[in-house]
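Q: Please model the complete structure; the sequences and the hints are all you need to start from.
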Amino acid sequence: MALFQIAEPGESAAPHEHKLAIGIDLGTTNSLVATVRSGISICLSDEQGRPLLPSVVLYHADNSTEVGYGAQTRQAIDPRNTIVSVKRFMGRGLKDISHVESMPYDFIEAPGMVKVKTIAGIKSPVEVSAEILKSLKLRAETALGGELVGAVITVPAYFDDAQRQATKDAARLAGLNVLRLLNEPTAAAIAYGLDNGAEGVYAVYDLGGGTFDISILKLTKGVFEVMSTGGDSALGGDDFDHRIFCWVIEQAKLQPLSPEDGRLLMMRCREAKEFLTNNPEAPLTARLSTSEMVDLKLDVATFAGITQTLISKTLQPVKKALRDAGLRAEDIKGVVMVGGATRMPQVQKAVGDFFRQEPLTNLDPDKVVALGAATQANLLVGNKTGKDDWLLLDVIPLSLGLEMMGGLTEKVIPRNSTIPTARAQEFTTFKDGQTAMAIHVVQGERELVSDCRSLARFELRGIPPMVAGAARIRVTFQVDADGLLSVAAREQTTGVESSVTVKPSYGLSDDEIAGMLKDSMEHAKDDAMNRALKEAQVEAQRMIEATEAALKEDPHLLNEAETTKIVATIDKLRETIAGENRRLINIAMDDLGFETQAFAHRRMDQSIKKVLSGRKVDDIKMGEEA
Amino acid sequence: MDIRADHFSLFGLNPGFRLDLSDLDSRYRDIQAQVHPDRFANAGDAERRLSMQWATHANEAYQTLKKPLERAKYMLHLAGHDIQAESNTAMPADFLMEQMEWREAVMEARNGGDHHELEHLHNRLRGDIIARYEELGALFDQGDHALATDRVRRLMFLEKLLYEIDDALASLEE
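Chains as they are written, first to last, in this note's numbering: chain Z, 1428 to 2053; chain P, 319 to 492.
Just so you know, the hints here were simulated from the structure itself, not pulled from any lab data.
Ideal Cβ placement from N, Cα and C applies to all residues, glycine included.
Misleading hints may appear alongside valid ones.
Said to hold, decoys possible - Pair ranges (Cβ atoms, derived):
| hint | chain 1 | residue 1 | chain 2 | residue 2 | range |
| --- | --- | --- | --- | --- | --- |
| 1 | Z | 1982 | P | 395 | 36 to 44 Å |
| 2 | P | 481 | Z | 1756 | 51 to 59 Å |
| 3 | Z | 1756 | P | 430 | 22 to 30 Å |
A: The structure is reproduced here in structure tokens:
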């Protein structure tokens, strides 16, 4: 049980060793930032004491921005330049986005991801999200009074690779060191599990503003193991607002609305929805610019009726996730409710009926994800005592595969595989003398490639000419702990090796990030070069600290000559940090990486041996007792 | 510890088909607790890369050993018996006959929406599969890899059939 205790205030790391780390819930409707202070996870509020930051970004003509409540109140006045629910556009093309017709934006179709034309220029969802993240970063730095070591950013568990990559890019653009992308239901499970000392199999039902996730987790002795996950990355509270919106249009027999009126009415619909959580009936009034007056009353029964299909839409993934985990509803010990939309009584009732138990709502559904993320961030930067320690084992939500002949998908990594994971598959040429092979990586469960999401296309060139079927091309998929994919292909039969590693095509290259940084910096009269230099310095400093900690911990793994060499390389790196040359810093970092390779291997080896030897002793003891 | 070592030694286990699964679970968690990337989130590049490799390896090894069919295939692979290469060999006619009968029964129940019958088929097949794994355990104990290979190939058919029954059950529930 000790494993589940969050450290008491007195037990936390000494203040000078405490590293500043934050957890960010980048939500569709609202975003939050949290941190662990004196062993307790808390949300950080703005000057007015408000923990939520509405995920709304308003662009002005001079390229300055306003984020949060200020922008929210302006949305019906300047709807085109006030971006709400940008999370729905992350890693998405125009055709993937629902209800485009009722959105006021000037969309621009761009390869991989849609963009929005604003008064301040064309903005990608990544840039808009970065504005929200910057605002939270500033809030945290002000509250904590120092530079942040890193952040855990949460994403819906059902986010695919494109959406994850976009989120990570946004965080980089905001100048955050991303410690980990963490799945939202998993973050909630950490907060819930640690608080309640929970053991057993739990379901986390997470209905946010624009996304729905269901995760089935097994909690055992400090291990949070995700057994399966499912969801819909385009289903959330927004859709309930939209149903009310359609109902109003129908009831009041309204003509097509201007963007301003559309936004105003949508706001009223949201308010009505929230009002119905604690009241049997909600008034719905709005004066439109056409001087038409909307004056309606929406009662709970009507609201439940018009949103019934949305709720059943959430139960399909729930059934699938249970089946993937090999479980039935009655095997679930508790159902944790997460996300503001789970406040709706008809949602709670439907979930309760399905699992035949009262869902758990004792944690604030708006805050629980951020609180869990902060707890994880605190663990990742190493602010822990011996007591509070746990392990997270998460999965990928969607299968990864390759396009085969005839437009069919060959699955390479099945959904719900525990990450990190890797899988290699061999392919061959089908024509004599074929020297190149096109590789198309997709994500999804459907058999036809056209029904799956295209992640990347690349070509393996330089295959030596051979007869058809003689070449052996090995394609390796690697999914890291953030759930992000990289793919490499290699021809194996000949001495000549061609290999290529791709980042999915929608991911931003470092140059693009640098370009965006430069653009945003020009406004702030700063210099992108300085920013890049600063980042390299921080990275180098982190590397030095990590290496020195390792040297202190395991000096016995190195002989004198090796230690001397590493120490000298550290000194050299330290010198370059003091300088202003980013290239020299990078070279010195590479050197240190090279010099510490063998050391890293020995340390890993040692820790694995430690587990195994500890085991053997246990076994002997058990044997004697038996 | 060499990353190329076999899956059993990664978890400090003696190679064998009979495995205490809860023991495997806890060994897997202990290894992950050491090598998982979350333990190295703030470490240098070299350690982060190594950690990803090891954690990936531990996941693969665990998934292989956890499922009896995968475990059996892996043991045969270690013993130099390649299932893939031999899967072209025809199965005995009586086994194939039996399979066809099973499939017909499943299809009939599925088309007729007979939930009860599918449940019944599921339970019968599961019982059969469990008994066959028992037999497989004995064959591995005796070191009879040739016969074990044949039994594994049969089990591949049966596991696939079980999957199809479950799939039919799931489609009826929807």
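Q: Of all the hints given earlier, name the ones this structure violates by number, lowest first.
A: 2
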